[in-house]
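Residue numbers (this note's numbering), protein chains in the order written: chain P, 1 to 155; chain R, 1001 to 1155; chain W, 2001 to 2076; chain Y, 3001 to 3076.
Don't read these hints as lab results, they were simulated from the structure. Treat the hints with care, as some may be off.
[What the hints assert, rightly or not] Pairs of lysine-lysine residues, derived as DSBU-like cross-links and limited to a Cα-Cα distance of at most 35 Å, are as follows:
| # | chain 1 | residue 1 | chain 2 | residue 2 |
| --- | --- | --- | --- | --- |
| 1 | W | K2011 | R | K1117 |
| 2 | R | K1069 | P | K125 |
| 3 | Y | K3016 | P | K117 |
| 4 | Y | K3016 | Y | K3029 |
| 5 | W | K2032 | R | K1117 |
| 6 | R | K1043 | R | K1117 |
| 7 | P | K43 | R | K1117 |
| 8 | R | K1059 | P | K69 |
In this text, all values refer to a predicted model and were calculated from it rather than measured experimentally.
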Amino acid sequence: MTTLFTITDQPISIEEVVHKVIRPEAGAVTTFIGTVRELTNGKRTLFLQYEAYVSMAEKMLAQIGIEIKERWPEAEVAITHRIGRLEISDIAVVIAVSTPHRKDAYEANRYAIERIKQIVPIWKKEYWEDGTEWVGNQLETKAYPKGKPEGEDVV
Amino acid sequence: MTTLFTITDQPISIEEVVHKVIRPEAGAVTTFIGTVRELTNGKRTLFLQYEAYVSMAEKMLAQIGIEIKERWPEAEVAITHRIGRLEISDIAVVIAVSTPHRKDAYEANRYAIERIKQIVPIWKKEYWEDGTEWVGNQLETKAYPKGKPEGEDVV
Amino acid sequence: MITLLFFAYLKETIGKERLQLDASSMTVKALKQQLASDYGLDLQHVMVAVNEEYAVDDRVLQAGDIVAFIPPVSGG
Amino acid sequence: MITLLFFAYLKETIGKERLQLDASSMTVKALKQQLASDYGLDLQHVMVAVNEEYAVDDRVLQAGDIVAFIPPVSGG
């Protein structure tokens, strides 16, 4: 059986993730591919290190799949997230969503990435020329959030 | 030089299209992958035939790229559309959009597929058990549209 | 001479994908009307491209133009 | 006994990724406070998962529980 929700320390094959959700009833597949960006707020990243609480992270990815099915019953979802050392432009995550109609495929896909950034226990450490930092919030920009994670995220 | 906007009669490699837009400045890539759906309004498709006015279709794809740059200046876009005979679940089109931030990648991608269905001279012929039909509108459902193409689509 | 190109059901209905015609100084609209009448076609929803760009009805054709008749598209 | 798991900067700060502790019948909140005080940590933005599910502050821990301290996540 194919595993739809996976954490891996190997390079991710986009085709492999996409082919988990392609099926005769669905005419639309969207993917989100998160890659390692070199510059964040003008600061140059050399490489990244991703760490995960693997067993729980896979459970949370599967839960996002369940949440999507509740909202978009016809959607099929597969998510693979990579951990370990990643270089600039390496693929960190691939989310594939197939639906009969394309609007749902975009919306469900975007829902998935937003939820990953809220509830999946994966952490990114940035390595710069002059230091390192664990990136600690869901908004891509600040080191640590001001606000506490909201109740609805504690599922 | 890589061609960002292509019509091909060969199977499309998703990875190949995606890698045309991956770059150090962009952390987000979205793709739209259109596949051949077996059932449309309860009717079973056996296979499809796509035909294109190839030279103009490639120009129109490139124009969609220009329109996207006007709206999302940081976006990079690549589109490959396949023509010829396609079986159920075969990939007809791959649109890849990379941007520094993910919201733009979703929106620009969706803009691309909507515009393809308006202005790119490609036609789909459905083959059913009991006949064939050229699909003649942009709304996925009706055989031919009631309304004339709108002025803004005639560019 | 002007070259006419037909696609999809138009190509099948007319039975040709290409025609040569002396239509210089005709407008796109007049050419559409003539073609509709010659072949008994409804071209109301058919767009016209001249030299690979969509053209308006009152565009005047010139010798050497390539005029493509574009039925409602259905790619994607 | 209860097993505590640490990740990301917490693992580096504490210098361990795993601790065994006799914390049965403590609440999640009390455990967080004890840990914050023992290691001089600010755990205000750290979520807690018990047996791989997010847990509320007044959850009472039981022997055998695996308690993970989850700093703000940054996957994707």
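Verification of the supplied hints:
The hinted pair formed by W/K2011 and R/K1117 meets the criterion: a straight-line CA distance of about 20 Å does not exceed 35 Å. Note on R/K1069 and P/K125: the hinted pairing holds, with a Cα-Cα distance of about 32 Å set against a maximum of 35 Å. Straight-line distance between C-alpha atoms of Y/K3016 and P/K117 comes to about 25 Å, which keeps the hinted pair within the 35 Å bound. For a cut-off of 35 Å, the pair hint linking Y/K3016 to Y/K3029 stands: about 21 Å separates their Cα positions.
About 23 Å separates the Cα atoms of W/K2032 and R/K1117, which keeps this hinted pair within 35 Å; it holds. At roughly 21 Å between alpha-carbon atoms, R/K1043 and R/K1117 fall within 35 Å of each other, so this suggested pair holds. Restraint check for P/K43 and R/K1117: not satisfied, since their Cα atoms lie roughly 40 Å apart, outside the 35 Å limit. A hinted pair counts as satisfied when its Cα atoms are at most 35 Å apart, and R/K1059 with P/K69 does not qualify at roughly 39 Å.
Checked against the numbered hints above, the structure violates hints 7, 8; every other hint is satisfied.
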